[in-house]
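Below are the chains, spelled out letter by letter.
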Amino acid sequence: MHAITVESLTKRYGPTLAVDDISFILPRGQVLGLLGGNGAGKTTTISMLLGLLVPSAGSVTVLGHDMARDRFAALARMNFSSPYISLPSRLSVSENLTVYGHLYDVPDLRRRIEELTAQFNLGDLLRRPAGELSAGQKTRVALAKSLINKPDLLLLDEPTASLDPDTGDYVRTVLETYRREHNAALLLASHNMAEVERLCDQVLMMKTGRIVDRGTPAELIARYGHDDMEQVFLDIARSETI
Amino acid sequence: MKSLRRIWAMVYRHAALYRRSWPRIVEIAYWPTLNLLIWGFTATYIAHAHAPPGLLAGGALIAGVLLWEITLRGQLGVTFAFLEEIWSRNLGHIFVSPLRPGEMLAALLAVSVLRTLIGLLPATIIAYLLYQYNILLLGPVLLLFFLNLLFMGWWIALGIVSLLFRYGAGAEALAWTIAFGITPVACVYYPISALPFWLQPVAQALPAAHIFTGMRAALMHQPVEWGQLAAAAGLNLAWMLLAIFLFNGEFRAARIRGALISIGE
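Here the protein sequences line up with chains A and B, keeping their order.
Note that the working numbering numbers the first sequence so that position 179 is 179, with each residue one more than the last.
Note that the working numbering numbers the second sequence so that position 48 is 1048, with each residue one more than the last.
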């Protein structure tokens, strides 16, 4: 059983085709990068994977559960992090983690929060309102929230956006460690190509709603004759023929 | 059990918010208290100027204010709890958690009960201390009035939340205005017969008009008007089913449009 199986997924808004008949799988324990410029269809795809958005056609199966019929069973075993969605800013970090721990029915929640506090060095932040944290601190808290239920599948929308290099590296290390220790699958939408090269086993290149290429970062770099993923990304984004 | 835990999570989320924000707590009690003071002094004036019929009218005014606030606070309790999620841009996290829409609604209703009780307690105490009016003297039937009026606030709130799904935070003003706009046809302070004949069917379709007819009978020490109470309960049930139907439809439509994340924009 794969973490994600997507078959002929399509999303249409009136005459606009936001996602156009895409198919892919994400095996357990692997990291899949979803790349593309603005408007390529990444966020729409992630929204459909999360059950936030109903597809126009096609199917999404997450951890063996059909998201059209049984999405809550899958949602209990996955989690999501995005810098564009906030945690309640007036609640303390501890209260936020408690809320989400209850929502995900985390056993022995107090102990789990202690583990995350140690892992993300949140000790001094627990009593502070989430809205008063710095960008780096917010990211650490958001990651702690996204790992609170020890998800088998983690969806990340630009997990290191607007972070300084040190914090960004810290986040990437946490994600690598979590994947390794829990055999978890990660789906990552990112504009940071160095991050993609470091973390991703497979990459899907999206453009105008379609998957225009796919492979390992090394395969894509070799296929396009470049030195890194940054150049591959630019090549695909600017190409008139792809 | 898991379902109860998820509902508790959302109630805890709002309890934690109010614990940290005294202006929010003051706001809950502010309007019911202010309304009571205005109408309480009006009732006192009427009672002194036109006693003894004025005494009864004054009592009806104060009881009307207190009871109608149950509907208003009940409605605002649900819609504001939902708006708090929009304002904090937290809906994206909530809707990708295992929380079912029905559980979210249950949590909103629980928050609404707490907000209503907190909001009405100071006004009830002030009514007793300042105007020697004890709403509890209405007797056990007060509980049925309370439940029916709270229920009415809830279905109005569900309708507003459905509109928030459709129109986003742009429909926020409706949270403040819709229930207040119903007041003239709720017949809080006057009988249904005081309305123009063409407006009377509208009042008859609202549970509140039947409850306040029953309230006036109770104030005059007449027997409990079970027919009015039954009509209110039946209407509440019908309106609630309609509101749930609307909520389900708009929630599904929001998932099709992709509005669940962008609802605050």
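In short, the hints are calculated from the structure, not lab data.
Honestly, I wouldn't trust all of these hints.
Claimed, not checked - Sample of chain A residues with no beta-carbon within 10 Å of chain B, all distances over it, derived: (1) Leu17; (2) Gly37; (3) Ser86; (4) Leu87; (5) Pro88; (6) Arg90; (7) Glu95; (8) Thr98; (9) Asp105; (10) Gly136; (11) Lys145; (12) Asp164; (13) Arg172; (14) Asn192; (15) Ile221; (16) Arg238.
Unchecked claim - Here are some chain A residues pointing at chain B (derived, C-beta under 8 Å): (17) Ile22; (18) Phe24; (19) Leu50; (20) Val99; (21) Leu103.
For glycine and all other residues, C-beta sits at the position ideal for the given N, C-alpha and C.
Status of the hints after comparison with the structure:
The beta carbon of leucine 17(A) is kept farther than 10 Å from every beta carbon of chain B, the shortest such distance being approximately 14 Å. Non-interface call for glycine 37(A) relative to chain B: holds, since the shortest CB-CB distance, roughly 19 Å, exceeds 10 Å. In this structure serine 86(A) is not separated from chain B by more than 10 Å, as the shortest Cβ-Cβ distance comes to only about 4 Å. A Cβ of chain B approaches the Cβ of leucine 87(A) within 10 Å, the least distance being about 7 Å, so the stated non-interface status is violated.
Under the 10 Å C-beta cut-off, the non-interface status given to proline 88(A) relative to chain B is violated; the minimum distance is some 4 Å. Not every CB of chain B is more than 10 Å from the CB of arginine 90(A) (nearest about 5 Å), against its label as outside the interface. Taking the minimum C-beta to C-beta distance to chain B, about 4 Å, the non-interface status of glutamate 95(A) is violated against the 10 Å cut. The Cβ of threonine 98(A) sits about 7 Å from the closest Cβ of chain B, inside the 10 Å cut-off, so the non-interface label is violated.
Listed as a non-interface residue, aspartate 105(A) fails to keep its Cβ farther than 10 Å from every Cβ of chain B; the least gap is roughly 5 Å. No beta-carbon of chain B is positioned within 10 Å of the beta-carbon of glycine 136(A); the least distance is around 19 Å. For lysine 145(A), the condition that its CB be more than 10 Å from all CB atoms of chain B is violated, with the nearest at approximately 8 Å. Aspartate 164(A), annotated as away from the interface, keeps every beta carbon of chain B farther than 10 Å; the closest lies near 23 Å.
The claim that arginine 172(A) lies off the interface holds: its Cβ sits roughly 22 Å from the closest Cβ of chain B, which is beyond the 10 Å cut-off. Listed as a non-interface residue, asparagine 192(A) keeps its Cβ farther than 10 Å from every Cβ of chain B; the least gap is roughly 21 Å. Residue placement check: isoleucine 221(A) keeps its beta carbon more than 10 Å from all beta carbons of chain B (closest about 33 Å). The beta carbon of arginine 238(A) sits about 28 Å from the closest Cβ of chain B, which is more than 10 Å, so the claim that it is off the interface holds.
Evaluation of the isoleucine 22(A) hint against chain B yields a violated restraint, the C-beta minimum of about 16 Å exceeding 8 Å. Violation of the interface hint for phenylalanine 24(A) is found here, the shortest Cβ-Cβ separation to chain B being roughly 20 Å, above the 8 Å cut-off. Nearest Cβ of chain B to the Cβ of leucine 50(A): about 5 Å, under the 8 Å cut. The hint holds. A least Cβ separation of about 5 Å between valine 99(A) and chain B falls short of the 8 Å threshold, and the interface hint therefore holds.
Restraint check, leucine 103(A) versus chain B: the minimum CB separation of about 4 Å is within 8 Å; hint holds.
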